[in-house]
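Asker: Chains D and P, in that order, give the protein sequences. Heads up: the first sequence at position 87 corresponds to 87 in UniProt numbering, and the numbers run straight through without jumps. Heads up: the second sequence at position 162 corresponds to 162 in UniProt numbering, and the numbers run straight through without jumps.
If you are wondering where the hints come from, they were derived from the structure by calculation, not from laboratory data. Some clues are possibly wrong.
Derived DSS-like pairs (lysine-lysine); straight-line CA-CA distance at most 30 angstroms [to be verified]:
(1) D/Lys282 - P/Lys101
(2) P/Lys97 - P/Lys175
(3) D/Lys24 - P/Lys101
(4) P/Lys146 - P/Lys28
(5) D/Lys175 - D/Lys146
(6) D/Lys180 - D/Lys101
(7) D/Lys24 - P/Lys180
(8) D/Lys28 - D/Lys146
(9) P/Lys24 - D/Lys208
(10) P/Lys187 - P/Lys97
(11) P/Lys175 - P/Lys282
(12) D/Lys101 - P/Lys272
(13) P/Lys208 - P/Lys187
(14) D/Lys175 - D/Lys187
(15) D/Lys272 - P/Lys180
(16) P/Lys208 - D/Lys272
(17) P/Lys282 - D/Lys101
(18) D/Lys24 - P/Lys24
(19) D/Lys282 - P/Lys28
(20) P/Lys101 - D/Lys272
(21) P/Lys208 - P/Lys180
Only part of the chain P face toward chain D is listed, based on derived beta-carbon distances under 7 angstroms [claimed, not checked]:
(22) Gly18
(23) Ser19
(24) Gln26
(25) Phe124
(26) Pro126
(27) Pro188
(28) Gly189
(29) Leu270
(30) Ala273
(31) Pro279
Rough simulated footprint, nothing fancy, chain P against chain D, three-plus residues with beta-carbon under 8 angstroms [what the hints assert, rightly or not]:
(32) 45–54
(33) 80–91
(34) 111–125
Glycine included, C-beta positions come from ideal geometry on N, C-alpha and C.
Protein chains: 2
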Amino acid sequence: MSDQPIEGWFTEVFDRHGSAIALKVQEKLLDITSEYQHLEVYQTETYGRLMVLDGCVMLTDRDNFLYHEMMTHPALLTHGAPRRVVIIGGGDCGTLKEVLKHERVEHVTQIDIDEEVTNAARQFFPALVERNDDPRAELLFEDGVKWVDACDEESVDVLIIDSTDPVGPAEGLFKTDFLKRCHRILKPGGVMVQQSESPLYHTETIIKSLREDMGSAGFESVATLPFPQPTYPSGWWSCTMAGKGCDVTAFDPTTARTEHLELEYYTPELHKAALTLPPFMKRHLG
Amino acid sequence: MSDQPIEGWFTEVFDRHGSAIALKVQEKLLDITSEYQHLEVYQTETYGRLMVLDGCVMLTDRDNFLYHEMMTHPALLTHGAPRRVVIIGGGDCGTLKEVLKHERVEHVTQIDIDEEVTNAARQFFPALVERNDDPRAELLFEDGVKWVDACDEESVDVLIIDSTDPVGPAEGLFKTDFLKRCHRILKPGGVMVQQSESPLYHTETIIKSLREDMGSAGFESVATLPFPQPTYPSGWWSCTMAGKGCDVTAFDPTTARTEHLELEYYTPELHKAALTLPPFMKRHLG
Chain D
1 MSDQPIEGWF TEVFDRHGSA IALKVQEKLL DITSEYQHLE VYQTETYGRL MVLDGCVMLT
61 DRDNFLYHEM MTHPALLTHG APRRVVIIGG GDCGTLKEVL KHERVEHVTQ IDIDEEVTNA
121 ARQFFPALVE RNDDPRAELL FEDGVKWVDA CDEESVDVLI IDSTDPVGPA EGLFKTDFLK
181 RCHRILKPGG VMVQQSESPL YHTETIIKSL REDMGSAGFE SVATLPFPQP TYPSGWWSCT
241 MAGKGCDVTA FDPTTARTEH LELEYYTPEL HKAALTLPPF MKRHLG
Chain P
1 MSDQPIEGWF TEVFDRHGSA IALKVQEKLL DITSEYQHLE VYQTETYGRL MVLDGCVMLT
61 DRDNFLYHEM MTHPALLTHG APRRVVIIGG GDCGTLKEVL KHERVEHVTQ IDIDEEVTNA
121 ARQFFPALVE RNDDPRAELL FEDGVKWVDA CDEESVDVLI IDSTDPVGPA EGLFKTDFLK
181 RCHRILKPGG VMVQQSESPL YHTETIIKSL REDMGSAGFE SVATLPFPQP TYPSGWWSCT
241 MAGKGCDVTA FDPTTARTEH LELEYYTPEL HKAALTLPPF MKRHLG
């Protein structure tokens, strides 16, 4: 850990945003360079285990529930009755675990380009992979963009883009062209959701572009939901949903059954409220 | 800045929580030790100006709107028609500014023990003090606990405890005994609100105790509202409201008029939703 600016801490510096977060670490458990990226796992003092990809925090035991619940339940409950779900990225299997909690889902395919991420999850994050043996789950390790292109038209109910930041291996997942390909494989009434970075740092850039690109790709409705995420830049994150022939901005919390989902953060009321964006975001998004 | 672990950055280490945040700084603008605390002001690279008390981030230009709006509008709009508002602490005047946006408020008293905080706000944070000349505003620099004791019984509509952490000068503001004194000065139907630290770090400790203590002090209802706050520990913060003969857990967003409040974060819908706590908090709070 000699390349770390504070001895005994893992520090992630968000250079363009002039901010940084750090977690106190006890031990480095893994340090490998896969075909695609640099992968590290640390034992932290208070956040459980920490997974790092190319120097960026991917998840910790302690706070990943926020991200994984928000990447999954708003989209699945907006759809209402998804049977076929696809996850692009998500190699840590945390999103897969949340999707599999939905009993009416019949099949989930997770496509991550880097099997080493899933291997690391299997070895160091047992809670995330605990549902991987569910017969409804299919794990593939290949290029998500190519997989989408080979997928049958109008065959998917919910498509989750659980990617790293729009640089490196995930860059192609943030382009308009990819959104059009996603639109093609969704059934009418289908919903896609993509992680969309920080409301504080990225509303006028990444979030705004993504929403516009979703519109250009043919989606009739778009909704961005902010949520807390302590170990990501600014501690505040978002996901953005898009609907194919359905309105992702409409949600009736009284119709959502969530008792069986073992939730830590998500509530239907919170989902409903997140659809009313903070005024500063609304202003920037026009 | 030679005492900083990363040269050119202001770093706040949350020792007990094994985490830290850092902001890139360009210049230290103020470094004084008042009668009560160590006060610093920095020019940061991307967060505007930063005020630090005893090594803890108090506020930045960029993200203080979250905290100040959430410390003010939920309580005032829950009350519905507050005429007399009191702020204990809040020397930076950011909460005062938000309170003064409410046209029906007739008088606001801000009592901070340390005038140097307000002096620093006047010098370095002009946006926070821009309403200080409002004839409805009264600024006092004395011990808030003593002020509360000298205040007439049942004379205040909304009481805002905008304090630093429960160590140092603000320690007395987190004790049950102080809450009883607060209860005494509130009119029937009155609302108090106190900053209550991080949902991730403090739900089972500070938030739980505060809620129980509010009940013991005679308040009939209690509500904790989480909100994002990038530059505070964990990037996620909360305030806790208590009602004297009124229900702070009930709120009808359709009745709240907010057009004139020039809001950046708060919406009545978000307020309503925050009253439904994330399941992990509900579980810990019983």
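Asker: Now, for every hint given, state plainly whether the structure supports it.
Answerer: To see whether the hints hold, each was checked on the structure:
As the CA atoms of D/Lys282 and P/Lys101 are separated by approximately 21 angstroms, the hinted pair is consistent with the 30 angstroms bound. For the given pair, P/Lys97 sits about 27 angstroms from P/Lys175 by alpha-carbon distance, which is consistent with the 30 angstroms threshold. This hinted pair does not check out: D/Lys24 and P/Lys101 have alpha carbons roughly 42 angstroms apart, beyond 30 angstroms. Straight-line distance between C-alpha atoms of P/Lys146 and P/Lys28 comes to about 34 angstroms, which puts the hinted pair past the 30 angstroms bound.
Straight-line distance between C-alpha atoms of D/Lys175 and D/Lys146 comes to about 14 angstroms, which keeps the hinted pair within the 30 angstroms bound. Among the hinted pairs, D/Lys180 with D/Lys101 is consistent with the structure: their alpha-carbon atoms are about 29 angstroms apart, no more than 30 angstroms. Restraint check for D/Lys24 and P/Lys180: not satisfied, since their Cα atoms lie roughly 39 angstroms apart, outside the 30 angstroms limit. Distance hint between D/Lys28 and D/Lys146 is unfulfilled; the C-alpha atoms sit about 34 angstroms from each other, more than 30 angstroms.
A hinted pair counts as satisfied when its Cα atoms are at most 30 angstroms apart, and P/Lys24 with D/Lys208 qualifies at roughly 26 angstroms. The straight-line distance between the Cα atoms of P/Lys187 and P/Lys97 is roughly 23 angstroms, inside the 30 angstroms bound, and the hint therefore holds. Distance check on the hinted pair: P/Lys175 and P/Lys282 sit about 23 angstroms apart at the alpha-carbon level, within 30 angstroms; holds. In summary, the hint linking D/Lys101 to P/Lys272 is supported, as the alpha carbons are separated by about 27 angstroms, within the 30 angstroms threshold.
A hinted pair counts as satisfied when its Cα atoms are at most 30 angstroms apart, and P/Lys208 with P/Lys187 qualifies at roughly 25 angstroms. Distance check on the hinted pair: D/Lys175 and D/Lys187 sit about 21 angstroms apart at the alpha-carbon level, within 30 angstroms; holds. The straight-line distance between the Cα atoms of D/Lys272 and P/Lys180 is roughly 36 angstroms, outside the 30 angstroms bound, and the hint therefore fails. A hinted pair counts as satisfied when its Cα atoms are at most 30 angstroms apart, and P/Lys208 with D/Lys272 qualifies at roughly 26 angstroms.
In summary, the hint linking P/Lys282 to D/Lys101 is supported, as the alpha carbons are separated by about 21 angstroms, within the 30 angstroms threshold. Under the criterion of a C-alpha separation no larger than 30 angstroms, the hint pairing D/Lys24 with P/Lys24 is consistent with the structure, at around 20 angstroms. As the CA atoms of D/Lys282 and P/Lys28 are separated by approximately 34 angstroms, the hinted pair breaks the 30 angstroms bound. As the CA atoms of P/Lys101 and D/Lys272 are separated by approximately 27 angstroms, the hinted pair is consistent with the 30 angstroms bound.
For the given pair, P/Lys208 sits about 17 angstroms from P/Lys180 by alpha-carbon distance, which is consistent with the 30 angstroms threshold. This hint holds: P/Gly18 has a C-beta 3 angstroms from the nearest C-beta of chain D, less than the 7 angstroms allowed. Below 7 angstroms, beta-carbon pairs count as interface contacts, and P/Ser19 has one with chain D at about 5 angstroms; its hint therefore holds. About 9 angstroms separates the beta-carbon of P/Gln26 from the nearest beta-carbon of chain D, more than 7 angstroms, and the hint is not met.
Taking 7 angstroms as the C-beta cut-off, the interface hint given for P/Phe124 is violated, the closest approach to chain D being about 18 angstroms. Because the smallest distance between the Cβ of P/Pro126 and any Cβ of chain D comes to about 20 angstroms, over 7 angstroms, the interface hint for this residue is violated. Proximity of P/Pro188 to chain D is violated relative to the hint, the smallest CB-CB distance being about 29 angstroms (cut-off 7 angstroms). Using the Cβ-Cβ criterion of 7 angstroms, the hint placing P/Gly189 at the interface with chain D is not satisfied: the shortest such distance is roughly 26 angstroms.
Taken as an interface hint, P/Leu270 checks out: its beta carbon lies about 5 angstroms from the nearest beta carbon of chain D, inside 7 angstroms. Because the beta carbon of P/Ala273 sits about 3 angstroms from the nearest beta carbon in chain D, less than 7 angstroms, this interface hint is met. A distance limit of 7 angstroms between C-beta atoms decides the matter here; for P/Pro279 the minimum to chain D is near 5 angstroms, and the interface restraint holds. Against chain P, the region 45–54 of chain D contributes 3 residues with a C-beta closer than 8 angstroms to a partner C-beta. That satisfies the three-residue criterion, and the hint holds.
Coverage of a stretch by a chain is defined here by at least three residues with a beta carbon nearer than 8 angstroms to that chain's beta carbons; for the region 80–91 of chain D and chain P the count is 0, and the condition is violated. Evaluation of the coverage hint for the region 111–125 of chain D: breached, as 0 residues show C-beta separations to chain P shorter than 8 angstroms, against a requirement of three.
Going through the hint list in order, the structure does not satisfy hints 3, 4, 7, 8, 15, 19, 24, 25, 26, 27, 28, 33 and 34.
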